Amino acid sequence: MAKRFSALLQFALVLALGYAIQMAMDAGMINRYYAHVMTVMAIFVVGAVSLNLINGICGQFSLGHAGFMAVGAYTAAIITKNPDLILPAIFTGNVRFILATLLGGMTAAFVGFLVGLPSLRLRGDYLAIVTLGFGEIIRILLLNWDFVGGASGYFGLVRHTNFFAAFLLSIITITIIRNFIQSSHGRACVSIREDEIAAETMGVPTTRYKVIAFVIASFFAGTAGSMMAHLTQMVTPASFTFILSIELLLMVVLGGLGSITGSIGAAIFLTYAAEALRAFRAYRMILYSLLLILIMLFRPKGLLGTQELSYGLLKESFKSLRTRWQRKKNDDITAAAE
Amino acid sequence: MLKVENLQVYYDAIHAIKGVSLEVSQGEIVTLIGANGAGKTTILRTISGLEKAREGKIEYLGRDIASQQAHDIVKIGISQVPEGRRVFTNMSVTENLELGAYLSKDRKAKADSLKRVFEHFPRLYERRTQIAGTLSGGEQQMLAMGRALMSKPKLMMLDEPSMGLAPILVRQIFSIIKEIHKEGTTILLIEQNANMALSIADRGYVLETGKIVMQGSVQELLASEEIKNAYLGGEAAHS
Ligand SMILES: Nc1ncnc2c1ncn2[C@@H]1O[C@H](COP(=O)(O)OP(=O)(O)OP(=O)(O)O)[C@@H](O)[C@H]1O
Ligand SMILES: [Mg+2]
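Top line first, the protein sequences correspond to chains V and C. Just so we're aligned: 8 in the numbering used here is position 8 of the first sequence, and the numbers increase by one with no gaps anywhere. Just so we're aligned: 214 in the numbering used here is position 214 of the second sequence, and the numbers increase by one with no gaps anywhere.
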């Protein structure tokens, strides 16, 4: 009881913080450019944390996250732009946007189910190949679909997304995925990553879990797509290319496969870095590839490994730093004495 | 309890199991011995649902289980200690064991199983928080056995539990298998170490390139000249 209360309190405090930041933005205390970047960061947190559920927790390799974002983005955009399509016209404004985002997520989840079921039954790298192909197929379909503008994109969306909306979505994503991981279902997923055959012989229905995780992740990718669409006020097939999937993958790998806090940190850092290095945008694929190779060489478990950044971990690393420093000081003293 | 009839298993074009029949009755320790590549692991994997037989019947407690999936086979009381242990390397000893009881939703039953495993393997209790990947080979073998016990199996299948272990540890592992058996678990034991296997078994089967070439009580097998030469040769000479 007390635990649930403190969790609720924590949740409320975090939301209040997000709301305060939004108010500061509205009052002009944070300039519009930074407000935009912070909103994008929150959306990427949703993308990275959900991808981590597949790639980090379950140990499956998906390269199609951008495709699911595209499905969510276009679905939601069609709903908000056409006042009587799919949803009845009585839903307007932000309510329509919220419902459209949910439906965008659900459509992405459904597509995730269709893509995941056949490819997740097979062991090995089939998922990587299938999701890679899936992302391209989605992009090409959108390119040729005139109703949503084809190659030039779908324009004139209302700017429903603000920082608080994206922030709220990221908190919901983190909470749901964290609860999933900490439940017995999460443990089952980790056992699949560790040794799929052994997991199966413990009675873990491995295919079912992989599909469930994949569907959950696709859902959140879809909602992130909707947020992004209603932030930039347009969607084009070029917004959701393979490069976006790689960017998300890089966030997951950099933060540590299986570490939620790692993904959050890496999403924030890489979004910031991408903004700061806007001048070198043309070279970003080279940069990303290099970064991926470097991480694999020197820090294959990512910056945080599978650990979560917590107060306890901070305290421990501080302690180990201090003993190391102390030892060095002692060494210096003995060296000086000699 | 378990009845395998005319089992045929292929890996693509490779005919690995060529019409094997064997039987395990409730309360027995049955051993399946054979040289490298004879097909022992394949038989075990087929019984547990990880490989599919092209032909043949697998009956367990009167039910045909040949078409069941691996995760459903555990539900009906067959667990296995796989070849090469396959512990979850990045998880702690306790987490590994808890996954062994994945199917049990009853917390108290789980705690009881855990207690029972720790009684059989005090070493695992000492190391309960250690990460499984850092355990020694013998300890990992104990963990794999403990994990298989957690589901309270009626039939436990072990694939070469003595592999890579020092003789003293092998003896220890085998005496634990006997303990587990005494508590009412039927055992199907796959071994290359025929000496040890026959020392605790009731009956045995000898497998050669996918076929059973001999079967019988332990006394019969031990008395056979062929077995002595082919499987007990070196070691029999010592004793
Ligand atoms: N996945 C596989 N694909 C193709 N052939 C396989 C596969 N697994 C086993 N085999 C072949 O099937 C035959 C039986 O192998 P199996 O592993 O069952 O033997 P084993 O008796 O357990 O041997 P060991 O004592 O060395 O463990 C071997 O010839 C092996 O090469
Ligand atoms: Mg084998």
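These are calculated hints, taken from the structure and not from any lab test. Being a predicted model, the structure only gives us computed values, none of them experimental. Possibly wrong hints are sitting among the right ones.
Some chain C residues near chain V, calculated using beta-carbon distances under 8 Å [claimed, not checked]:
id, residue
1, Ser48
2, Ile65
3, Ser67
4, Ala70
5, Val74
6, Lys75
7, Phe88
8, Asn90
9, Met91
10, Ser151
The calculated DMTMM-like cross-link candidates involving lysine to aspartate or glutamate, where the alpha carbons are at most 20 Å apart (straight line), are [unchecked claim]:
id, chain 1, residue 1, chain 2, residue 2
11, C, Lys52, V, Glu136
12, C, Lys228, C, Glu208
13, C, Lys152, C, Asp106
14, C, Lys115, C, Glu51
15, C, Lys75, V, Asp125
16, C, Lys211, C, Glu51
Where is the CB? At the ideal position from N, CA and C, for every residue including glycine.
Hint-by-hint comparison with the structure:
1. Ser48: holds (6 Å)
2. Ile65: violated (14 Å)
3. Ser67: violated (16 Å)
4. Ala70: Interface hint status for Ala70 of chain C: holds (4 Å vs cutoff 8 Å).
5. Val74: holds (4 Å)
6. Lys75: Check passed: Cβ of Lys75 of chain C comes within 6 Å of chain V, closer than 8 Å.
7. Phe88: holds (4 Å)
8. Asn90: Hint on Asn90 of chain C: holds, closest Cβ of chain V at ~6 Å, below 8 Å.
9. Met91: The hint holds - Met91 of chain C has a Cβ within 8 Å of chain V, the shortest such distance being about 7 Å.
10. Ser151: At 7 Å from the nearest chain V Cβ, Ser151 of chain C passes the 8 Å test, so the hint holds.
11. C:Lys52 to V:Glu136: violated (35 Å)
12. C:Lys228 to C:Glu208: holds (15 Å)
13. C:Lys152 to C:Asp106: holds (13 Å)
14. C:Lys115 to C:Glu51: It is violated: about 33 Å lies between the C-alpha atoms, which goes past 20 Å.
15. C:Lys75 to V:Asp125: violated (29 Å)
16. C:Lys211 to C:Glu51: holds (17 Å)
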